[in-house]
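**Student:** Listed here are the chains, written in short residue letters.
There are 2 protein chains.
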Amino acid sequence: MLSLTILCTGKALPSQRVSSDELDVKLGALPGFCRSKSGIDFRYVAAPGETQSGLAAAALRDAMRRGRCEAASIDLLLSVSGVGEQALPSTASRILEPAGLPAGTPAFDINASCLGFLAALQLAASLLASGTYRRIAIAASDLASRGVDWDNPEASLIFGDGAAAAIVEQGDARTGIDAFRMETHPAGNTLCEVRAGGTRRNPRTGAEPADYLFRMDGRRLFRLTSELMGGFVERLFSGLPYGPGDVDIVIPHQASHLGMEHVRKRLGIRPEDVVDIYRQHGNQVAASIPTALHEAFAQRRIFRGTRVLLIGTAAGLTLGGMVLVI
Amino acid sequence: MLSLTILCTGKALPSQRVSSDELDVKLGALPGFCRSKSGIDFRYVAAPGETQSGLAAAALRDAMRRGRCEAASIDLLLSVSGVGEQALPSTASRILEPAGLPAGTPAFDINASCLGFLAALQLAASLLASGTYRRIAIAASDLASRGVDWDNPEASLIFGDGAAAAIVEQGDARTGIDAFRMETHPAGNTLCEVRAGGTRRNPRTGAEPADYLFRMDGRRLFRLTSELMGGFVERLFSGLPYGPGDVDIVIPHQASHLGMEHVRKRLGIRPEDVVDIYRQHGNQVAASIPTALHEAFAQRRIFRGTRVLLIGTAAGLTLGGMVLVI
Chain E
1 MLSLTILCTG KALPSQRVSS DELDVKLGAL PGFCRSKSGI DFRYVAAPGE
51 TQSGLAAAAL RDAMRRGRCE AASIDLLLSV SGVGEQALPS TASRILEPAG
101 LPAGTPAFDI NASCLGFLAA LQLAASLLAS GTYRRIAIAA SDLASRGVDW
151 DNPEASLIFG DGAAAAIVEQ GDARTGIDAF RMETHPAGNT LCEVRAGGTR
201 RNPRTGAEPA DYLFRMDGRR LFRLTSELMG GFVERLFSGL PYGPGDVDIV
251 IPHQASHLGM EHVRKRLGIR PEDVVDIYRQ HGNQVAASIP TALHEAFAQR
301 RIFRGTRVLL IGTAAGLTLG GMVLVI
Chain R
327 MLSLTILCTG KALPSQRVSS DELDVKLGAL PGFCRSKSGI DFRYVAAPGE
377 TQSGLAAAAL RDAMRRGRCE AASIDLLLSV SGVGEQALPS TASRILEPAG
427 LPAGTPAFDI NASCLGFLAA LQLAASLLAS GTYRRIAIAA SDLASRGVDW
477 DNPEASLIFG DGAAAAIVEQ GDARTGIDAF RMETHPAGNT LCEVRAGGTR
527 RNPRTGAEPA DYLFRMDGRR LFRLTSELMG GFVERLFSGL PYGPGDVDIV
577 IPHQASHLGM EHVRKRLGIR PEDVVDIYRQ HGNQVAASIP TALHEAFAQR
627 RIFRGTRVLL IGTAAGLTLG GMVLVI
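In order, the protein sequence lines correspond to chains E and R.
Residue numbers for the first sequence follow my numbering, so the first one is 1 and each next one is one higher.
Residue numbers for the second sequence follow my numbering, so the first one is 327 and each next one is one higher.
Any given hint might turn out to be false.
Stated by the list, open to error - Reference listing, derived: stretches of chain R covered by chain E, where coverage requires no fewer than 3 residues with Cβ under 8 Å from a Cβ of chain E:
(1) 346 to 354
(2) 374 to 387
(3) 404 to 414
(4) 421 to 433
(5) 545 to 551
(6) 562 to 574
(7) 632 to 638
None of these hints come from the bench; they were simulated from the model.
Ideal placement from N, C-alpha and C gives every residue a C-beta, glycine not left out.
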């Protein structure tokens, strides 16, 4: 086991709560369309003045408050998001000040799309084990609303904005990471993307407004994920003396109601053992898994010794999973 | 010492070589203006069809060829860049296929601006030490030409496009990282940025074409860096039984001729102990430090046992340094 202790978690939501019924009106859809299409009651959406770094900082302050953790005790800030706040500099460097972390705290970004939090946990545990740092904050945030295409129900209705944070230490090796695996399959590279925003498409290279919007080929994405998921789970658990049926609780990426149900059945997990916050949050991209983890702590579904499986897929296409003993 | 062995390095440059004399003509400047302003003889610039991921993949293939390293032996790909190829998914996931890495190789991005390679080396060493992976490839790439403002000499003439890669393993603890330090000072947050490309400014939130261009307040950046650098170097070496004067060779971020000279003098290093590729490459953002490292290997300036200081600044403002024993 790779030692890791989660000291505290926190979350933040933007100010606007938008129900699927309200979206029906906004989009001129038939009553009930958005709810049945998305499986969501409501999601939170950032107002024009709200920022991604501000939301991430609010989640981190929430975590510090809950854990009675001094800002000055944090010696690294990792920011994870599917899409960052701006092309340069890192989102992390923009979170430091609103979060109240001292100037000089190192800060950088990890980008593994919806699985950034998993990658960051594994990196944090390794950095703590190597003695590089003693206490690390991970802040996950995404404002999908800034880039969804409202003309495309499949790729817009499922998303919600949000942020979550966790503060971790090395601990005493009785808690930590029992297994971690990530696989990136470039066959899925173009099935889920925002083409502009970097060196590929911008005003200079000739971007169209649609290039700044999120695009998804849901059908092909679902097919590719289905093909890969079974073998992936087998490989994730291959070094362990127990299987997916032996974990206490599963925190899937809150990708979509259909996607989560598919993963649950594939793993052979009972519905009551899954943390499902999708109906009240939507898919919050990189903020989904840590928000669900935070909710599981807040709802006292996780205790010392609980064996948690975090699992999901991300644009890339990347599959990722982690077995965490709390 | 945190054990780390660099198995091999590689680099790649885009097809167009642009001299400062040619830039004088292109920009309608007086002969000699671009050379004296930038300190650069020539830099390489990507043609419209060339991509960041393609260049990164070429650098990685170069490293694999030099090190006789099989693509299938690499079990993690980290991509580092100041600005990525597109907002989503990660640049890393787009490098896998052109680099010839097998589908399923995990791949994600680290964004610490110009210091991404340093952050990635420390992360890689930690991931190797924790047993997560056995062989890690780091591919650094940037195409600054896609976002420089040609109306602003200070923020455009110094840049060049490029990519470099390194493949690392844990090794036997006789080589590795003697010291590593990063500090992010948000007072410098807006001194060096590309405001668009993320959730802050895009067509939906109201971006102007200039928001997609690189902006720099060189004077304030230089002043802040100067204030911080002395104390930073002291803190970097504070746990070591030797000082900056005792390293064999210094690889600074190739920020600018003036910036590099400033750092050299501050460290008290002789000009012949500095790896300076700036005149023939310009500032290649995140690709600068690994390209200079590769050149130092290629020019046989680094051997087993050489003590190398990697040091620089990045948008953020982040200061970073590493003492690496080869």
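**Student:** Of all the hints given earlier, name the ones this structure violates by number, lowest first.
**Tutor:** Numbers 1, 5, 6, 7, in rising order.
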